[in-house]
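Start from the sequences, fold in the hints, and give me the full structure.
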Amino acid sequence: MSGEMILLGLAGVIEAGAPIVIAAIGETITERAGVTNLSLNGLIILSAMMGFWVSLETNSILLGFLTGMLIGIAVSVLIAFSSITLKQSQVAVGFILAITCEDLAYFLGNPIMGEQAPIMFATPIPFLQDIPILGPLFFQHSVMTYLSIVLIFAAWFWISKTRPGLMLQGIGEKPEAAFVRGANVVKLRYLYTIVGGALVGLAGPLYTLSVKAGWKGTITGLNGIGWIVLAITIFGGWKPFRVAFGAYLFAFLQWLGLVLQSTLTFIPSQVLQVAPFPLMILTLLLVNLGNTEWMERIIATLPDWLRNRVIKLIRALRSQPPGALGTPFERE
Amino acid sequence: MDQARARRFSVLFQIGGIVLAFVFVSVILLLVGANPLTTFKLLVEGAVGSASRISNVLVVWMPLLLVTSGLLVTFSTGLWNIGIEGQITLGAILTTGVIRLFLDASFPPVLVIILSIIAGMVGGALWAALAGLLKTYGGVNEIFGGLGLNYIATALNIGLIFGAWSREGIASMSGTDPFPKEFWFPTFESFNLSWPSLVLSILGLIVIFFLLQGTHFGLRLKAVGKGMRSAFRLGIPTKKYMMLSFMVCGLFAGLTGALQVVAVYHRLIPSISSGYGYLGLMIAMLINFRAIWIAPIALFFAALNIGGIQLPIVQKLDSSLTGVLQGSLVLFILIMQGVKQRVLGKAEGE
Chain A
0 MSGEMILLGL AGVIEAGAPI VIAAIGETIT ERAGVTNLSL NGLIILSAMM
50 GFWVSLETNS ILLGFLTGML IGIAVSVLIA FSSITLKQSQ VAVGFILAIT
100 CEDLAYFLGN PIMGEQAPIM FATPIPFLQD IPILGPLFFQ HSVMTYLSIV
150 LIFAAWFWIS KTRPGLMLQG IGEKPEAAFV RGANVVKLRY LYTIVGGALV
200 GLAGPLYTLS VKAGWKGTIT GLNGIGWIVL AITIFGGWKP FRVAFGAYLF
250 AFLQWLGLVL QSTLTFIPSQ VLQVAPFPLM ILTLLLVNLG NTEWMERIIA
300 TLPDWLRNRV IKLIRALRSQ PPGALGTPFE RE
Chain B
0 MDQARARRFS VLFQIGGIVL AFVFVSVILL LVGANPLTTF KLLVEGAVGS
50 ASRISNVLVV WMPLLLVTSG LLVTFSTGLW NIGIEGQITL GAILTTGVIR
100 LFLDASFPPV LVIILSIIAG MVGGALWAAL AGLLKTYGGV NEIFGGLGLN
150 YIATALNIGL IFGAWSREGI ASMSGTDPFP KEFWFPTFES FNLSWPSLVL
200 SILGLIVIFF LLQGTHFGLR LKAVGKGMRS AFRLGIPTKK YMMLSFMVCG
250 LFAGLTGALQ VVAVYHRLIP SISSGYGYLG LMIAMLINFR AIWIAPIALF
300 FAALNIGGIQ LPIVQKLDSS LTGVLQGSLV LFILIMQGVK QRVLGKAEGE
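Going line by line, the protein sequences match chains A and B. The numbers in numbering that gives the first Met the number 0 rise by one with no breaks, and the one at position 288 of the first sequence is 287. The numbers in numbering that gives the first Met the number 0 rise by one with no breaks, and the one at position 255 of the second sequence is 254.
Read the hints as simulated data drawn from the structure, not as lab findings. Using N, Cα and C, we set each Cβ at its ideal position, and we do this for glycine too. Keep in mind that the hints are not guaranteed to be accurate.
As the list claims (entries may be wrong) - Now the stretches of chain B that chain A is said to cover, found in silico as 3 or more residues with beta-carbon under 8 Å: (1) 21 to 34; (2) 51 to 58; (3) 133 to 139; (4) 273 to 284; (5) 332 to 341.
Stated by the list, open to error - Pair by pair, the computed Cβ-Cβ distance ranges are: (6) 166(B) to 131(A): 51 to 57 Å; (7) 180(B) to 256(A): 41 to 47 Å; (8) 344(B) to 278(A): 42 to 48 Å; (9) 293(A) to 235(B): 16 to 22 Å; (10) 215(A) to 136(B): 52 to 58 Å; (11) 37(B) to 65(A): 31 to 37 Å; (12) 132(B) to 217(A): 48 to 54 Å; (13) 86(A) to 10(B): 18 to 24 Å.
Next comes the structure, spelled out in structure tokens:
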């Protein structure tokens, strides 16, 4: 494989990783506030279909993305209302919505299967696109890909470097303490659930209008993406850069799978399509090793020189959720 | 508030949830230009319009009984066994494997069928144990472990159908070669309803009902579910009980898959689990995890599934509408339950 091909492939990874980055950063923001939006798999498929539909009818890509965001907002309002206001199980509501949104997408999207909606083109950035290597890699993409990259830095800056971001961390870690310090926990959790959901809602149309253009019902190939995004959020330890790394790693492996498929034709394509899932389990196992008892016991038996290194490695890998993730806030 | 009034109050909110769900689905139907009343009528007729349709409803009812019963066990330990779809699939795969193995042997078919069902149950339990091990010893949340295992099971299934077990000539989505008739479960005359399946499914429900209501084992499972720490202090080995609950549920899921193979399809097909595992999770939430309600609600959901088959034929609508209706019923009833608690809480606070 020539250098140029590899460069093209890597640029494709950044392009194909964009929806995953956007959705995973959105979910990270929501979960940092202490709310799990488990509906992602259905939400992405539904917003993908609705965004495609609206673009098809109006011939406007912008309206397609706005529709996706609106779907994201609608679903996350449902999640916020039932889990924050009504204190119902976030897992239950999220799971029901994951399944129901998917069915809804296939139902409503049935008549528009296989139609031709507008496709978003790349907008290369003048001058920057001519830089060798970096140009083709980063500056010859669509607007949404640029947005996905900017979003990583913006989310990191907001969460770690600003006062409201500190409050965001507070309501996810120790909501009672944040409340005492004057944070309106309920309002802020609503806000971040909705912001995160709106971002996830962008990922859907980004697939059907660009990365995997077209709507083909159940074989569109989006089933499973939402679960992967949720796993990437965990793998990323709820930190924007690490989450983005996970998203690109996933996109890279998918590309590798495609490359391998053309050479290893004896593997049925259906089998390669699910390759991400054993990988998902393994990575989750890896980042959780440091939280298990038996690992601690093994480490205790290691000789000193090895023990310190292993502990360092496991700490670096370990991912710990926000302290109050998934629990309702009780004002005492 | 006295108990009778509280109960009436509760029923009122449940009816509210059902009404909201139907209103929501009606809006969706109007959106695609279909008449809601005609569609609902079609659903009912599709489910109970003829004797063979009612028999079809029962064919769907049986796996739903089994998976929901199994899921109540994992729910009582506070676990979300989303991996149940994969456990059904593994059950079906092992059952098919055993039957294929003895296809040409001179064993009596009844023995082979029994053996294959046992293999299916073991397969389901082992696949569940994998999710359990990941959870209890690997720290991997059972939702993600289970989901990952579901996709792997599907790939394994499709890999077998298109690979090692493919049909002679050309492999296809229609599944493996059907078994000879002597390896089929007996059915009622001129219906596709198999009576041993019916017996096993109802038996499964009864077993779980008594297991959770009246046994020491059931109580311990619930103690683990109520709070890991307190159960641990009581001397209940929590990890062991979590593993056990996974495996009991896996046995039920494996049995479901086995029965789909020997009594319904008589071969392995790509979507052998038919989404019944996820549907079982929905039913369990809808009935608020009370075993006594499994039978009627599973029957209702099964009727919707069968009624939905008529949608594409008569009205050119996608049959996924059934899932939308089932999902919104669960969602709105759950939401109304929350609203009720909030209203009651406020009333008591005053």
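Now the hints, each set against the structure:
no. : hint                         : in the structure
1   : 21 to 34                     : holds (count 3)
2   : 51 to 58                     : violated (count 0)
3   : 133 to 139                   : holds (count 5)
4   : 273 to 284                   : holds (count 4)
5   : 332 to 341                   : holds (count 7)
6   : 166(B) to 131(A): 51 to 57 Å : holds, 54 Å
7   : 180(B) to 256(A): 41 to 47 Å : holds, 42 Å
8   : 344(B) to 278(A): 42 to 48 Å : holds, 45 Å
9   : 293(A) to 235(B): 16 to 22 Å : holds, 20 Å
10  : 215(A) to 136(B): 52 to 58 Å : violated, 41 Å
11  : 37(B) to 65(A): 31 to 37 Å   : holds, 33 Å
12  : 132(B) to 217(A): 48 to 54 Å : violated, 32 Å
13  : 86(A) to 10(B): 18 to 24 Å   : holds, 21 Å
The earlier numbered hints that this structure contradicts are 2, 10, 12.
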